[in-house]
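Chemist: Taken in sequence, the protein lines are chains X and A. Every letter in the first sequence is one number past the one before it in my numbering, and letter 281, counting from 1, is 281. If you want my numbering, it's the 1-based position in the second sequence plus 398.
Calculated directly from the structure, the hints in this document are not laboratory data. Being a predicted model, the structure only gives us computed values, none of them experimental. Warning: the hint list may mix true and false statements.
Here are the simulated DSS-like cross-link-like pairs (lysine-lysine), alpha carbons at most 30 angstroms apart as the crow flies [as the list claims (entries may be wrong)]:
| hint | chain 1 | residue 1 | chain 2 | residue 2 |
| --- | --- | --- | --- | --- |
| 1 | X | Lys50 | A | Lys448 |
| 2 | X | Lys170 | A | Lys686 |
| 3 | X | Lys120 | A | Lys568 |
| 4 | A | Lys568 | X | Lys288 |
| 5 | A | Lys548 | X | Lys120 |
| 6 | A | Lys597 | X | Lys120 |
There are 2 protein chains.
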Amino acid sequence: MTEELTPPRRRFLALGASLAGAVVACRKAPAPSESGAHMRGYGERSPHEKSVRVVRELTKSLGTGSSRTPLGELHGIITPSALHFERHHSGVPALDPAAHRLLVDGLVERPLTFSLDDLKRFPSASRVCFIECGGNSIGEPGANLPDVQKSHGLLSCSEWTGVPLSIVLKEAGLKPEATWMIAEGADAGRMSRSIPVSKALDDAFLAYAQNGEALRPEQGYPLRLLLPGWEGNTNVKWLHRLQLVDQPAMSAKETANYTDLMPDGKAQQFTFVMEARSVITRPSGGQKLAGPGFHEITGLAWSGYGKIARVEVSTDAGQTWADAELQAPVLSKAAVRFRYPWRWDGKETVIACRCTDETGYLQPTRDEFIAVRGLNSGYHYNGIKPWRVNADGTVTHA
Amino acid sequence: MTEELTPPRRRFLALGASLAGAVVACRKAPAPSESGAHMRGYGERSPHEKSVRVVRELTKSLGTGSSRTPLGELHGIITPSALHFERHHSGVPALDPAAHRLLVDGLVERPLTFSLDDLKRFPSASRVCFIECGGNSIGEPGANLPDVQKSHGLLSCSEWTGVPLSIVLKEAGLKPEATWMIAEGADAGRMSRSIPVSKALDDAFLAYAQNGEALRPEQGYPLRLLLPGWEGNTNVKWLHRLQLVDQPAMSAKETANYTDLMPDGKAQQFTFVMEARSVITRPSGGQKLAGPGFHEITGLAWSGYGKIARVEVSTDAGQTWADAELQAPVLSKAAVRFRYPWRWDGKETVIACRCTDETGYLQPTRDEFIAVRGLNSGYHYNGIKPWRVNADGTVTHA
Numbered sequence: 001m002t003e004e005l006t007p008p009r010r011r012f013l014a015l016g017a018s019l020a021g022a023v024v025a026c027r028k029a030p031a032p033s034e035s036g037a038h039m040r041g042y043g044e045r046s047p048h049e050k051s052v053r054v055v056r057e058l059t060k061s062l063g064t065g066s067s068r069t070p071l072g073e074l075h076g077i078i079t080p081s082a083l084h085f086e087r088h089h090s091g092v093p094a095l096d097p098a099a100h101r102l103l104v105d106g107l108v109e110r111p112l113t114f115s116l117d118d119l120k121r122f123p124s125a126s127r128v129c130f131i132e133c134g135g136n137s138i139g140e141p142g143a144n145l146p147d148v149q150k151s152h153g154l155l156s157c158s159e160w161t162g163v164p165l166s167i168v169l170k171e172a173g174l175k176p177e178a179t180w181m182i183a184e185g186a187d188a189g190r191m192s193r194s195i196p197v198s199k200a201l202d203d204a205f206l207a208y209a210q211n212g213e214a215l216r217p218e219q220g221y222p223l224r225l226l227l228p229g230w231e232g233n234t235n236v237k238w239l240h241r242l243q244l245v246d247q248p249a250m251s252a253k254e255t256a257n258y259t260d261l262m263p264d265g266k267a268q269q270f271t272f273v274m275e276a277r278s279v280i281t282r283p284s285g286g287q288k289l290a291g292p293g294f295h296e297i298t299g300l301a302w303s304g305y306g307k308i309a310r311v312e313v314s315t316d317a318g319q320t321w322a323d324a325e326l327q328a329p330v331l332s333k334a335a336v337r338f339r340y341p342w343r344w345d346g347k348e349t350v351i352a353c354r355c356t357d358e359t360g361y362l363q364p365t366r367d368e369f370i371a372v373r374g375l376n377s378g379y380h381y382n383g384i385k386p387w388r389v390n391a392d393g394t395v396t397h398a
Numbered sequence: 399m400t401e402e403l404t405p406p407r408r409r410f411l412a413l414g415a416s417l418a419g420a421v422v423a424c425r426k427a428p429a430p431s432e433s434g435a436h437m438r439g440y441g442e443r444s445p446h447e448k449s450v451r452v453v454r455e456l457t458k459s460l461g462t463g464s465s466r467t468p469l470g471e472l473h474g475i476i477t478p479s480a481l482h483f484e485r486h487h488s489g490v491p492a493l494d495p496a497a498h499r500l501l502v503d504g505l506v507e508r509p510l511t512f513s514l515d516d517l518k519r520f521p522s523a524s525r526v527c528f529i530e531c532g533g534n535s536i537g538e539p540g541a542n543l544p545d546v547q548k549s550h551g552l553l554s555c556s557e558w559t560g561v562p563l564s565i566v567l568k569e570a571g572l573k574p575e576a577t578w579m580i581a582e583g584a585d586a587g588r589m590s591r592s593i594p595v596s597k598a599l600d601d602a603f604l605a606y607a608q609n610g611e612a613l614r615p616e617q618g619y620p621l622r623l624l625l626p627g628w629e630g631n632t633n634v635k636w637l638h639r640l641q642l643v644d645q646p647a648m649s650a651k652e653t654a655n656y657t658d659l660m661p662d663g664k665a666q667q668f669t670f671v672m673e674a675r676s677v678i679t680r681p682s683g684g685q686k687l688a689g690p691g692f693h694e695i696t697g698l699a700w701s702g703y704g705k706i707a708r709v710e711v712s713t714d715a716g717q718t719w720a721d722a723e724l725q726a727p728v729l730s731k732a733a734v735r736f737r738y739p740w741r742w743d744g745k746e747t748v749i750a751c752r753c754t755d756e757t758g759y760l761q762p763t764r765d766e767f768i769a770v771r772g773l774n775s776g777y778h779y780n781g782i783k784p785w786r787v788n789a790d791g792t793v794t795h796a
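Could you build all of it, start to finish, from the sequences and the hints given here?
Modeler: Pasting the structure below:
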């Protein structure tokens, strides 16, 4: 807690020019509104709310492309399911949950097929965790993406519920030579990823629910693989097959894509765990500060390796850093909301944040990232993102 | 963890009659589906999903009545905003957030009016907490409500974000004699409740967001009072006025309603804090077990006094009780998901749960509740809810 959060004066805000006009003494409450429409079984948001995912659809296949969560307009750590990011390689299949089956085969003692009802008979587990696309910020090392939706919007966080995968694999019985698992989706392209069995037996689960209700279609309805902390597309959507094998499949999405082409021309494969990173979501690119005075700096931090231990904020272009407050609960492999009180003097400056996770890993600067990884590939970029606050209050990439 | 969750055998489920037919060895994966429609900026659920709030609308005023969360169909602890329960006394006003104002007046040094933008300038806070209507289970002590949506569906849990009310009240400056605060909504009936200033300065906040995005219209858009752990309608929706006073207003909703008429004919007022309670949501009334064998018993527990410390489950009509597993995170004044592994022998029995909160308070039986409170009034009922599992697998109230 800083001085700003426990003011010695009674009044918290300085009530500068921007606020003095708006906060007006008034003894007359506004007139009440008329009651609206009939009550609904399933609610919708207000027509005044316009936040949407920015959709970038590729023309070669219907429903194929990406859409990004508008992080700059959201609050807390839960992403509304309607605004969870998407990255589809072959559209969104319209699956009938009553007909959907999961096949577990390959190096198992008993090949098994499960209906959704079968899977719901097993013990369940819920977990709040983030999913981040390996291609989040893919343009960032070489360019400067102008707002947080474009730069970090392939990151979302939900409460997921499903069956621990270890239980299902025990049911089928793993053969000793089963060291990898090919997870395949029921999309038109059968997107698949090879997953080490060690992760499958650790904290993986088969998710059938998100934020309390069934998965949304674009999140893999009716079943997706959930690998907490791991690269987005390993969390295979519309999951219909788990094939146990003794080596990875070397599928398109683990060879042609989602690999890190290093400066020496060799590509690193299977960068599964998403490293710690953080970003300021407010104020961020495209937003405008109403004027000098108090502004809360807030954003999200996350790490595929566990809990976020610390987030620091700089308001002087990285010369000095101060600890931000982490909003409880701080959960492993989940987004964490941080807040930092700031009194802006109205002069141009650069703000930024950086995080440290419980392993002690400190989020790198852009230069530190490029020094190691070069500019051949932008997958798995996690550098510090600075925002320039201009004298007119506009915020742009620094 | 019990024997069922760490089986010595490889196969978890007994694979009784119900499951043996469904889990069929199969080496051929189903054919992939065609890709569906264009990607959407704001998503919707699958057309196969039909869970809705049961709406009970009163005819005297459009949009007035209650709707109940289908707890038996939900997962985890987050209630989807579209399924959060409702209880409206004068409909749902259609408010324009740009025109909405909050007036803070009465026994303050500076009467102030705040726009939404003004309130968003203050430091923010997020918190996962439940809201439960004081009239949840109002028919239960004297009758036996047949399913968990009817019996407990006026309970929901969200991640709320807003401004700590203490900061806003300091901005206005409380006069020493300000001991109560009348919170008034902008609905047609100006529903109001009197709140002790001690709660306002404790953990109260002015919420403008729910589950990541703006409040839903039926949850008070664009602003509601949030009093963690307190009776639902003290969390005044469409909040447009906080009047500081030196005594409660004795409004209709704290005299004619939401009071507890005791056996001696006197009514207790201002039962603010919702006592600890729990309920099994699966299996629960109206559901049907597929057959003997393993079934997970799961449900929710919550307490307005803090954290849930323990949930116990009985599968023999209350003769014996065993600890259920509490799903992390266990948060103060939030719903907690519990799970208990059960192997049903196919015979008729009664299952139930009971919880203890961190104050040591144990949820009472129905008889214990009635012994104290009588049957004059069903507000604030928190008795144990038993479910009868019949030999044919159907579940009914016990």
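Chemist: Hint by hint, say whether it matches the structure.
Modeler: These are the hints, each one checked on the structure:
With a C-alpha separation of about 25 angstroms, the suggested pairing of Lys50/X with Lys448/A holds against the 30 angstroms cut-off. Restraint check: the Cα-Cα separation between Lys170/X and Lys686/A comes to about 27 angstroms, which is no more than 30 angstroms; the hinted pair holds. At roughly 50 angstroms between alpha-carbon atoms, Lys120/X and Lys568/A are farther apart than 30 angstroms, so this suggested pair is violated. This hinted pair checks out: Lys568/A and Lys288/X have alpha carbons roughly 27 angstroms apart, not beyond 30 angstroms.
The suggested pairing of Lys548/A with Lys120/X holds, with an alpha-carbon distance near 23 angstroms, which does not exceed 30 angstroms. Under the criterion of a C-alpha separation no larger than 30 angstroms, the hint pairing Lys597/A with Lys120/X is inconsistent with the structure, at around 42 angstroms.
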